[in-house]
Amino acid sequence: MTDIVQILVSGLTVGSVIALVAFGYNLVFASTRIVNFAQGSMLVVAGYIAFAVARAGVPIWGAFALSIVASLAVGVLVEIVAIKPLGRFDPSTNVGWILTTFGVGLIAIDLIKKTVGAEARRLPPLADSIFGWKVAKISGVAITVPDALLVVSALLIVVGLELLQTRTNLGRAFRAVAEDRQIAGLMGINTELMVMITFALAGALAAIGAVLIAPRQFVKLDLGVNLGLQAFIAAVIGGLGSTRGAIVGGYVIGFTTAIVSTITSEGGSWGPVVVFVVFLMVLVVRPAGIFGSPAVEKV
Amino acid sequence: MARAGTEPRDTEEVEPLPGQAGQGVLPIYGRRGDLLRFVPILALVLFIVWFGHAQADSRKWLDIGTEAMYLAIAAAGVNILLGYTGLLSLGHAAFFVAGGYAGAILSPALGLPPWTGFVLAFVGSAALGAVLALMCCHLHGFYLTVVTFGFGALVPAIVVVAKDQLGGPAGRAVDHFVDTSKVPGAGSGPFSLQLGLFYLSAFFLLITLFLCWNLVRSRWGRAYMAIRESEVAARVSGVNAYRYKVSSFALSAGFVGVAGWLGAQRFVLVSSQVATPDQSFRYVIMVVVGGMGTIAGPVLGAFGFSFGFGIAWVQNTFRDYQGLLYGTLGLIAVASAPEGTVGNLRRYVRAYNVRRAKRGAIARRVPPPDVAPELQRPAVRERAAVDEDGASEANGDVLRVTGLTKRFGGVGALSDVDLVVKRGTVHALIGPNGSGKTTFINVVTGLYKPTAGRVELDGRSLEGLAPAARSRRGLARTFQNLQVWRRMTVLENVMVGAHTRERVGLLQSMLRTPKSRRVERHLRDRAWGLLHFVGLAERGRDLAGTLAFADMRRLEVARGLASDPELLCLDEPAAGMQISEIHELADLIRQVRDAGVTVLLVEHHMDLVMGLSDTVSVLDYGQKIAEGAPAEVRNDPRVVAAYLGEESA
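Which chain is which? The protein sequence lines are P and Y, in order.
In terms of this note's numbering, the first sequence has 234 at position 234, counting the first letter as 1, and numbering is strictly consecutive.
In terms of this note's numbering, the second sequence has 411 at position 112, counting the first letter as 1, and numbering is strictly consecutive.
Derived from the structure by calculation, the hints contain no laboratory data.
In this text, a Cβ means the ideal position worked out from N, Cα and C, and glycines have one as well.
Do not take every clue at face value.
[Claimed, not checked] Simulated restraints, written as ranges between beta carbons of each label pair:
| no. | chain 1 | residue 1 | chain 2 | residue 2 | range |
| --- | --- | --- | --- | --- | --- |
| 1 | Y | Asp619 | P | Gly87 | 30 to 40 Å |
| 2 | P | Arg55 | Y | Gly484 | 54 to 64 Å |
| 3 | P | Asn94 | Y | Phe848 | 19 to 29 Å |
| 4 | P | Glu162 | Y | Ile610 | 45 to 55 Å |
| 5 | Y | Asp356 | P | Arg216 | 48 to 58 Å |
| 6 | Y | Ala671 | P | Asn190 | 53 to 63 Å |
| 7 | P | Phe89 | Y | Pro483 | 49 to 59 Å |
| 8 | P | Met187 | Y | Ser635 | 27 to 37 Å |
| 9 | Y | Ala894 | P | Met187 | 45 to 55 Å |
| 10 | P | Thr168 | Y | Ser635 | 29 to 39 Å |
| 11 | Y | Phe337 | P | Arg172 | 54 to 64 Å |
| 12 | Y | Gly484 | P | Leu280 | 42 to 52 Å |
| 13 | P | Asn190 | Y | Ala650 | 32 to 42 Å |
Could you build all of it, start to finish, from the sequences and the hints given here?
Next up, the structure:
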């Protein structure tokens, strides 16, 4: 019983952590057909910004808000440096964007290393208690406020993003740009602006993720590589571009890892191997992911 | 066939194509010709000899030199996949580690002599690469990159899981498994071990380059490039794209594995620490900065980074900030110099030679060899076996389609179409836009799976056959939206067209054995003959992307004919052509038919269809509404209605 509750709690929280990062990949992919390999680094940058602000004495909520604002700018910067110079291109055949976004990610990490330093940092949780409730125990498994906050916010963001993409003009414009950038432009959509807005929003998502995750994981330089990669796999499993896919993919990884680490003695190291096998199997069966639509070959 | 009235156009004024320059693009080398090609390799050998002598007393520079050599091997491997096949892997650092384990630990453990470790390093990495590739080469575009990225990041987990064998994150120390002081030239100085390793690495680099050089000038290398330029065209030309992508992946992993074996020798350690995505990214950046799709490019890139890091200032500034360096260089390279160093150098040389050609100092083009225009028929191929039972020749039908139906979701693109194409005829398939003509060709050539119905070629069902296998059976086609392989030469395009006509193994190609030479000669002669036939021989050595529109269509015809097909499907060959060009096209199609190749012509242009066809079939909304001789069909009320609307009929 304890094991099952442990798996549930751990799967949900880890899954939500991963999903929070994966949303960023998805948002960008949904409007540009580009996977922003710098997303993991944007998470790290946002985390360090929040840390720097909090260290200066600002309460954590203030640091959170400031980090979101700053990350909007970081997103725009990434777009200007990595995507703008490529000009017009077809993301499916010309893969230069993989190199530029990856490169920007590396640069960002090194800049942090140079300015803030390489140590791992701790951020205080956004809330220790809600209305006096601090921690619940089910079969001896503790559920803390930050964990609950994490799981709930991830679900709220899914709803929010889906509404944004399907119910607003901005979201429709995103999808139009993704479908055919040229025609979207002819319909009066400022496509360059849309791409930029997408990256800005991806930055904001990275900041939200970084601060919510921080109580579980230190803010550290290799966060982007480890967590970013898992999130990336989650996004692909769920289907790139699909928000609900991201959270499902996150849960798949979360539960897989939790189950594996419960039933094997060296769970921590078998986890990634099993996740990768699951990942490959999904790609073999459904190359575009669970909720993705397969690319149509035009002849 | 002489083409009256069409002057060969100037290649030189055409906008240079993005990306790498193809082989044999003239005028690069001018009149002095091919000898100049050997200057870079000669320079490399001289550099190695000089470096070994000059730096024999410097341990630091010997280490750097060794690193430069094996990184160049790794980069050359990555280049096979990225530069020639057009697939980007961000996980190749894993094969460096795999090669180290296989060559430096597994191989001695099996009791093999230490010198032969490179064999297992190559084979082990290539096998691992093949396994991964088998699982991901069906994926489109960057999804492959995604999988390799995940795979590369998996290595740290694997070394922990198998820490008894692999030694965990710290890796496993190995002895100086090869006594490199015995390498010729290592001498007896204090650093003879290091000097010997340097020479050993340099030797393997030269071998690697030799193999790569041969590879990209072979049937295999051209197939890789064709996949890079247009996978769909490669498939209908008889290249089994999946298989070739897997082989390219395995090959490239194998070379990186050999680099890993040399690396293990240098560090006296095999460790997974180097198998990070960052490291894989570095390989890629070396290739991109040096020049993708060129032999010299990856070497230059690897040398630049390795020797650059030997400079004290660079080392002190960037030791802890390599991401900054590589990231910035990657940004600059991709955004402003996608052709890389070598590509840009070639462009300068070509521009210089163009200026000289304009002054008349050198010939504008090297003239094509004098090969007779040809269209060999009939070919002796596997389908000859069918002829024995008399099934095909007896009924005289090349293509027999029955009840063909294709639905996309709920939309019926083709419903229950029957069509028989008689041997030696030009059979036209016409119909208004969206009537299913191109879908018909796509189903027949195997690009689309039919919802129902049967397609027979020469009396044999094509059911379940991939496009490449159908090409082997005798199907060829051209594309409405041109699919020439733009960054290959015109000649190379046609040579890939003849892909199914010859067979030669990968190893034979890389070693350039007599058999591989013979195959090359056959393919080349045939390609020249076909280029003479369609009137493009003059342009044979130019990049296909520099051809004018109508010439690209001719090229697609030549490419299709190169496989010696039973049936050639032409998908709107006259689209976008001028009247004079259409007349030339009609002549060409007649000649093709007279040579014994049956033609299925999908076309809008009525003059062309009516003047040329023996039989005309008309499609409307996916259904065949009329069939017969051109004159009958022209006056059929249903056809008139389909084209002009009900009232006109």
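Results of checking the hints against the structure:
1. Between Y:Asp619 and P:Gly87 the Cβ separation comes to about 34 Å, which falls inside the hinted range of 30 to 40 Å.
2. P:Arg55 and Y:Gly484 have their C-beta atoms about 59 Å apart, which keeps the hinted 54 to 64 Å range intact.
3. Distance hint check: the CB atoms of P:Asn94 and Y:Phe848 are about 23 Å apart, consistent with the given range 19 to 29 Å.
4. Taking the beta carbon of each, P:Glu162 and Y:Ile610 are about 53 Å apart, inside 45 to 55 Å as hinted.
5. Checked against the hint of 48 to 58 Å, the pair Y:Asp356 and P:Arg216 passes, with Cβ atoms roughly 54 Å apart.
6. A beta carbon spacing of about 59 Å between Y:Ala671 and P:Asn190 agrees with the range 53 to 63 Å that was offered as a hint.
7. Taking 49 to 59 Å as the suggested C-beta distance range, the pair P:Phe89 and Y:Pro483 conforms, at roughly 50 Å.
8. For the pair P:Met187 and Y:Ser635, the supplied restraint of 27 to 37 Å holds, since their beta-carbon distance comes to about 32 Å.
9. Here the CB-CB span from Y:Ala894 to P:Met187 is close to 50 Å, well matched to the stated 45 to 55 Å.
10. Distance hint check for P:Thr168 and Y:Ser635: the Cβ-Cβ separation is about 37 Å, which falls inside the suggested range of 29 to 39 Å.
11. For the pair Y:Phe337 and P:Arg172, the supplied restraint of 54 to 64 Å holds, since their beta-carbon distance comes to about 60 Å.
12. Roughly 47 Å separates the CB atoms of Y:Gly484 and P:Leu280, a value that falls within the hinted 42 to 52 Å.
13. Range check, P:Asn190 to Y:Ala650: Cβ separation about 38 Å, and the 32 to 42 Å hint holds.
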